[in-house]
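Asker: Assemble the whole structure, with the sequences as input and the hints as a guide.
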Amino acid sequence: QKEVEQDPGPLSVPEGAIVSLNCTYSNSAFQYFMWYRQYSRKGPELLMYTYSSGNKEDGRFTAQVDKSSKYISLFIRDSQPSDSATYLCAMKAGFQKLVFGTGTRLLVSP
Amino acid sequence: DTAVSQTPKYLVTQMGNDKSIKCEQNLGHDTMYWYKQDSKKFLKIMFSYNNKELIINETVPNRFSPKSPDKAHLNLHINSLELGDSAVYFCASSQGQGTGESNQPQHFGDGTRLSIL
Chain A
1 QKEVEQDPGP LSVPEGAIVS LNCTYSNSAF QYFMWYRQYS RKGPELLMYT
51 YSSGNKEDGR FTAQVDKSSK YISLFIRDSQ PSDSATYLCA MKAGFQKLVF
101 GTGTRLLVSP
Chain B
1 DTAVSQTPKY LVTQMGNDKS IKCEQNLGHD TMYWYKQDSK KFLKIMFSYN
51 NKELIINETV PNRFSPKSPD KAHLNLHINS LELGDSAVYF CASSQGQGTG
101 ESNQPQHFGD GTRLSIL
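Chain order of the listed sequences is A and B.
Sequential numbering from 1 applies to the first sequence in the working numbering.
Sequential numbering from 1 applies to the second sequence in the working numbering.
Read the hints as simulated data drawn from the structure, not as lab findings.
Zero decoy hints are in this set.
Okay, derived cross-link-like pairs now, SDA-like style, lysine to any residue, Cα gap no bigger than 25 Å in a straight line:
1) B/41 with A/39
2) B/44 with A/27
3) A/97 with B/44
4) B/44 with B/60
5) A/2 with A/97
Which residues of chain A face chain B? A partial, calculated answer using Cβ under 8 Å:
6) 34
7) 42
8) 43
9) 44
10) 46
11) 49
12) 86
13) 88
14) 97
15) 98
16) 100
17) 102
18) 103
It should be emphasised that the depicted structure is a prediction, and the values quoted were computed from it without experimental measurement.
Cβ coordinates follow ideal geometry from the N, Cα and C atoms, glycine included.
Answerer: Dropping the structure here:
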């Protein structure tokens with residue numbers, strides 16, 4: 001079993017939809033949770049960074065962490081075609097290495 | 001004003017050759033990393049350096065040798081390239097905690113696409 005599980009998709013939605021992206025994990029020591037967006041032929045770009053449980057909002061993006069369920073989510077409101085990319089969750093325990101999910105490919109159609 | 005830059009962007013070479021990839025960051029970070037992303041988009045750490053010192057070495061074959069001349073640069077040299085080395089290699093950086101490790105978010109370059117013929 002991988003430490004971090006993420007549905008590879010693709011997830012196809014119409015423009016304006018609310019998108020929900022999720023990851024589950026098995027290591028209860030993970031404390032720092034990140035979401036990265038990766039466009040084709042580009043490097044991962046940090047979108048959200050949260051510590052421990054709770055919600056964090058930044059514009060159209062909301063990150064949720066539920067440590068009791070070992071489940072994290074990224075919500076995108078009013079999705080745009082420019083949001084089409086691969087979304088990678090990543091997490092770490094203290095000063096340990098960063099562990100990535102396999103990424104979910106999102107397609108937002110006009 | 002690119003934050004983390006890698007050269008070259010593309011590298012096509014034959015099996016058995018030796019090649020190097022360079023990475024530079026202008027973010028003032030003291031921790032740098034090399035990652036490998038395979039054909040299924042899975043990103044896995046290979047090495048991390050803090051202030052020119054090796055911190056993480058994830059059981060990477062010793063054909064791969066990172067070198068950090070200063071904290072803004074981390075290069076990757078690969079000897080005797082094999083078909084399985086074909087992948088995208090990403091450099092990243094973050095601000096450490098002075099203990100050799102970092103819990104700060106990492107910032108990535110745009111990758112070097114290595115193809116072995």
